[in-house]
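Colleague: As they're listed, the protein sequences go chains V and F. Just so it is clear: in the first sequence, position 117 is 117 by the working numbering, and no numbers are missing. Just so it is clear: in the second sequence, position 34 is 34 by the working numbering, and no numbers are missing.
Just so you know, the hints here were simulated from the structure itself, not pulled from any lab data. Glycine included, C-beta positions come from ideal geometry on N, C-alpha and C. Just so you know, not all the hints are guaranteed correct.
Short derived list, chain V residues pointing at chain F, Cβ under 8 Å [claimed, not checked]:
hint, residue
1, P48
2, P124
3, K222
4, K224
The list that follows gives simulated cross-link-like pairs (lysine-lysine, PhoX-like), each with its CA atoms no further than 25 Å apart [claimed, not checked]:
hint, chain 1, residue 1, chain 2, residue 2
5, V, K224, F, K77
6, V, K294, V, K50
7, V, K126, V, K109
8, V, K248, V, K204
9, F, K4, V, K228
10, F, K58, V, K126
11, F, K77, V, K248
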Amino acid sequence: MIEKTDVIIIGAGPVGLFAIFELGLLNISCHVIDNLDKPGGQCAELYPEKPIYDIPSRVSITGQELTDDLLAQAKPFSPVYHFNQQVEKIVKLETNEWLVETSLNKKLKAKCIVIAAGAGSFVPRKIPIENLDYLEDKNIMYAVRNKSILENKEILIVGGGDSALDWTNELSKIANVTLMHRRKEFRAAPDSVSKMLELEKDKKINFLLGQIDSIEDLKNGKIKVTVKNNDEKNNFEVDYLLPFFGLKMELGPIANWDLNLDENLIKVDAEKFETSVPSIFAIGDINTYPGKLKLILSGFHEAALMAQQCFKYCFPDKKNVFRYTTSSKDLHKKLNI
Amino acid sequence: MKIKVTDRDGNKHELEGDSNSTLMEILRDAGLDIEAACGGCCACATCHVYISDKWLEKINVRDDDEESMLDQAFDVKNTSRLSCQISLSEELDGIELELAPQ
Ligand SMILES: Cc1cc2nc3c(=O)[nH]c(=O)nc-3n(C[C@H](O)[C@H](O)[C@H](O)COP(=O)(O)OP(=O)(O)OC[C@H]3O[C@@H](n4cnc5c(N)ncnc54)[C@H](O)[C@@H]3O)c2cc1C
Ligand code: FES
């Protein structure tokens with residue numbers, strides 16, 4: 001089934017979230033797609049606990065608080081969120097609408113696309129050893145999509161954060177798991193840490209101090225991982241290596257959409273924030289124009305101006321009357337006030 | 001103030017530092033291949049360098065934040081530092097370091 005909406009927003013970072021609100025004020029409904037499993041973009045993924053000091057009127061607000069408030073502000077407009085999927089393809093239909101396809105094969109149709117993709121999708125950071133690509137999904141997995149293939153296998157999990165610990169705890173039930181980290185301290189939810197330590201005490205998992213040194217394909221379905229701890233080296237033959245070294249941002253499929261780019265940024269005008277392709281907009285960290293500053297507040301401004309132009313595409317026959325949220329009865333109704 | 005950097009191909013660079021900058025900013029602005037994705041907030045570990053032994057004791061030690069962030073870096077050694085967490089000062093004139101893999 002193809003779902004239909006007015007505008008598809010790619011990216012649920014702070015700027016994408018505020019765009020829901022600005023579009024909503026103009027009666028424009030949205031679906032929002034993000035590769036992450038949660039909203040907030042960089043604010044929620046990279047610095048949820050760190051305070052931001054330059055959001056107008058907010059003397060200090062953490063990345064997560066800002067995300068929560070933006071979600072609350074957008075809520076009256078009932079946006080539909082689609083997480084854990086990357087937008088891969090966009091196609092212009094004969095009806096002049098856009099068809100958007102995600103990595104989970106979801107298809108959405110809309111009149112406009114708003115790209116609020118930051119520095120691109122968050123993707124797992126890979127091991128910086130050359131010529132490993134072909135082992136990906138075969139022996140090296142940066143994300144677990146199908147747990148059942150890991151059943152009864154020898155697994156080496158590397159890392160000290162939430163993903164590494166959660167998967168260690170989870171996979172200990174079905175596989176032979178070793179967790180390796182460079183120190184015996186973990187930056188993860190205290191619950192997961194104590195659970196892991198308990199599993200180690202009960203010999204349900206092994207814990208190993210060390211780091212990856214090299215990886216060799218044994219050509220029998222297994223790999224040999226050489227690990228080092230200071231000057232000491234050891235070899236492990238395993239079926240699967242699961243490295244969890246956090247996420248990084250990569251432009252990804254956006255590069256193939258025939259938009260005018262400048263390095264990895266999308267060129268827009270500074271009046272409507274429209275790209276070189278009409279009815280596709282780019283706002284927030286992903287765009288560039290003379291004088292661009294990569295700040296959340298600039299992204300908010302861009303969202304407001306973008307919405308004005310979107311209105312023309314969504315309601316070509318209607319007149320857009322400028323109103324303040326303070327005084328407009330009509331806007332109050334929309335905001336459930 | 002001089003900063004002596006060996007890049008990942010073994011090439012040596014001599015950069016001019018100043019005491020208003022962090023080490024990361026000097027490396028990045030000189031165009032060396034250092035991502036510094038978070039712009040120096042100790043939130044990405046893509047500004048990882050190895051400081052030469054003899055300079056290590058002249059700089060402040062890693063704090064908890066930096067230690068945790070280094071968990072996301074590869075091949076962490078005793079000499080590993082996140083260069084955005086090192087403020088330059090005249091005392092560090094001549095500091096020698098190497099870019100870590102990324
Ligand atoms: C540590 C740190 C501190 C900062 N401090 C400040 C500060 O004090 N003040 C300030 O103004 N700014 C600050 N910033 C910058 C600020 O976080 C960014 O400007 C802001 O997050 C940009 O918002 P955005 O919505 O444009 O993009 P992002 O927050 O980058 O969100 C983009 C989202 O789009 C998703 N995405 C991308 N491509 C696709 C695709 N093809 N399919 C699906 N999803 C996709 C990504 O997964 C991501 O979630 C800081 C940044 C960092 C890292
Ligand atoms: S620049 Fe991101 S941790 Fe140093």
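Colleague: Hint by hint, work out which the structure violates, then give me just those numbers in ascending order.
Modeller: Hints 1, 2, 3, 4, 7, 8, 9, 10 are the ones this structure does not satisfy, whereas the remaining hints hold.
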